[in-house]
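Residue numbers (our numbering), protein chains in the order written: chain A, 220 to 382; chain B, 220 to 382; chain C, 220 to 382.
In short, the hints are calculated from the structure, not lab data. Just so it is clear, the structure is predicted and the values come from calculations on it, not from any experiment. Take the hints with a grain of salt, since some may be wrong.
The list makes no distinction among identical chains, and a pair is therefore deemed to hold if it is satisfied within one copy or across any two copies.
[Unchecked claim] Keeping only pairs whose Cα atoms sit at most 16 Å apart, straight-line, the calculated EDC-like set for lysine to aspartate or glutamate is:
(1) K373 - E362
(2) K273 - E263
(3) K265 - D248
(4) K368 - D248
(5) K273 - E306
(6) K373 - E283
Here is how the chains run, residue by residue.
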Amino acid sequence: QSVSARKKSLKHLEPCRRLVLYYHDLLFDGVNVANATSATAVNETKLGNFKLGKLVIFDDPVTENSHLLSPPVARAQGFYFYDMKTEYNAWFAYTLVFNSTENKGTLNIMGADLMAADTRDFSVVGGTGDFFMSRGIATITTEDAQGIKYFRLKMDIKLYECY
Amino acid sequence: QSVSARKKSLKHLEPCRRLVLYYHDLLFDGVNVANATSATAVNETKLGNFKLGKLVIFDDPVTENSHLLSPPVARAQGFYFYDMKTEYNAWFAYTLVFNSTENKGTLNIMGADLMAADTRDFSVVGGTGDFFMSRGIATITTEDAQGIKYFRLKMDIKLYECY
Amino acid sequence: QSVSARKKSLKHLEPCRRLVLYYHDLLFDGVNVANATSATAVNETKLGNFKLGKLVIFDDPVTENSHLLSPPVARAQGFYFYDMKTEYNAWFAYTLVFNSTENKGTLNIMGADLMAADTRDFSVVGGTGDFFMSRGIATITTEDAQGIKYFRLKMDIKLYECY
Numbered sequence: 220q221s222v223s224a225r226k227k228s229l230k231h232l233e234p235c236r237r238l239v240l241y242y243h244d245l246l247f248d249g250v251n252v253a254n255a256t257s258a259t260a261v262n263e264t265k266l267g268n269f270k271l272g273k274l275v276i277f278d279d280p281v282t283e284n285s286h287l288l289s290p291p292v293a294r295a296q297g298f299y300f301y302d303m304k305t306e307y308n309a310w311f312a313y314t315l316v317f318n319s320t321e322n323k324g325t326l327n328i329m330g331a332d333l334m335a336a337d338t339r340d341f342s343v344v345g346g347t348g349d350f351f352m353s354r355g356i357a358t359i360t361t362e363d364a365q366g367i368k369y370f371r372l373k374m375d376i377k378l379y380e381c382y
Numbered sequence: 220q221s222v223s224a225r226k227k228s229l230k231h232l233e234p235c236r237r238l239v240l241y242y243h244d245l246l247f248d249g250v251n252v253a254n255a256t257s258a259t260a261v262n263e264t265k266l267g268n269f270k271l272g273k274l275v276i277f278d279d280p281v282t283e284n285s286h287l288l289s290p291p292v293a294r295a296q297g298f299y300f301y302d303m304k305t306e307y308n309a310w311f312a313y314t315l316v317f318n319s320t321e322n323k324g325t326l327n328i329m330g331a332d333l334m335a336a337d338t339r340d341f342s343v344v345g346g347t348g349d350f351f352m353s354r355g356i357a358t359i360t361t362e363d364a365q366g367i368k369y370f371r372l373k374m375d376i377k378l379y380e381c382y
Numbered sequence: 220q221s222v223s224a225r226k227k228s229l230k231h232l233e234p235c236r237r238l239v240l241y242y243h244d245l246l247f248d249g250v251n252v253a254n255a256t257s258a259t260a261v262n263e264t265k266l267g268n269f270k271l272g273k274l275v276i277f278d279d280p281v282t283e284n285s286h287l288l289s290p291p292v293a294r295a296q297g298f299y300f301y302d303m304k305t306e307y308n309a310w311f312a313y314t315l316v317f318n319s320t321e322n323k324g325t326l327n328i329m330g331a332d333l334m335a336a337d338t339r340d341f342s343v344v345g346g347t348g349d350f351f352m353s354r355g356i357a358t359i360t361t362e363d364a365q366g367i368k369y370f371r372l373k374m375d376i377k378l379y380e381c382y
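Based on the provided sequences and hints, a complete structural model is requested.
Structure below.
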């Protein structure tokens, strides 16, 4: 006899924990050392005109409201790269590192950034510390994009597995 | 008193969902802009003769049968790199992006591509949309490899956690 | 009516499986082809003085005791990169590939390496083979660091989901 794998209903499933956070990416342009929080580590290739191949490594501030200069409650450490030849599209993997009075620990996140969509979902694949063993979904919205120098993402993080 | 962690039997465990899909990688050679779906973003190092360090970024078509030109049911967006000095071996992380009438959503996948083995297993570490919170195993087989220009992987995706 | 997501107590939670392993990274310096097990694929950027942007790809031996030359019980295949402009800090994603009489299969791991902390936690986000569908935490300690050429990490791997 076989054991059936875990199958649950997704209807009306409520998160066991939810955080709305803002990710600010300030790209290094060769001069802005004091302000920049990310840098291009790999240059784009010649496949298409949408930066395919460009890889950016970041240690970006994460805030509880949308203001870049409000006090960060976490850092987002990881990378993204552009991956499409016919439009802008990116792929992300990163860790949210919390070190505030409220939260200590990390959330590990990855997913495709389908930039043409109003919102897109990354997977929260693990957590540590106060987020021990968490899993969930981070729904991403681009809130601001000033050329290549600055962009801001709203992350609506819904955890569905909490310990 | 301690709470024991979740321990389940793996004997005869049946997937709650299964998909067999084909991944086609057509590498950019500097000329084939129209056909190529991936590009070398980082060149190989001089450690060994098996391309260690070469990193390829892709937005590859994924089909339900093995034919490259059959209509894609998903895109595979992510990267792989070669990582061994004594033989060919790679490491993958990517998102399957489904946007068909049948499925909308993503599966996030990562793992070591032990190319010498007939089959190898990647982890499906998360999912979104129709694959909300899914986890499982993707068993990979190389079906075709034409030099460095084209290769095809069969992905036998077995989900064991479904919501 | 809504279904509440899984919420468990983390108090006194015991791992269902535990492994203590040692990761040895021997970086290629252009000459040590015979010994090196990792290589710099991407050079550091000019943002700060802590190698931000440097990306290393590895196929490193993993042993059961701290000696570099003791027989490996696994390989660690993946990459790390430096990501901070004000101090040394890294980000890792890799697969532990087991191929011993005791264990066959893989564990997939990712997380922020907060090098200033005595210990830091990565997420074990999936497993295959003998580690089928496993999840857990890998607590990392730097045990030795000889310049940029060699470092050793102790990995205390605690699995809390076992099948």
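Here is how each hint holds up against the structure:
1. K373 - E362: within (6 Å within a copy, 38 Å between copies)
2. K273 - E263: both (4 Å within a copy, 15 Å between copies)
3. K265 - D248: between (21 Å within a copy, 10 Å between copies)
4. K368 - D248: within (8 Å within a copy, 30 Å between copies)
5. K273 - E306: Close inside one copy (14 Å), not across copies (24 Å); limit 16 Å.
6. K373 - E283: within (10 Å within a copy, 35 Å between copies)
Hint compliance for this structure: every hint is met.
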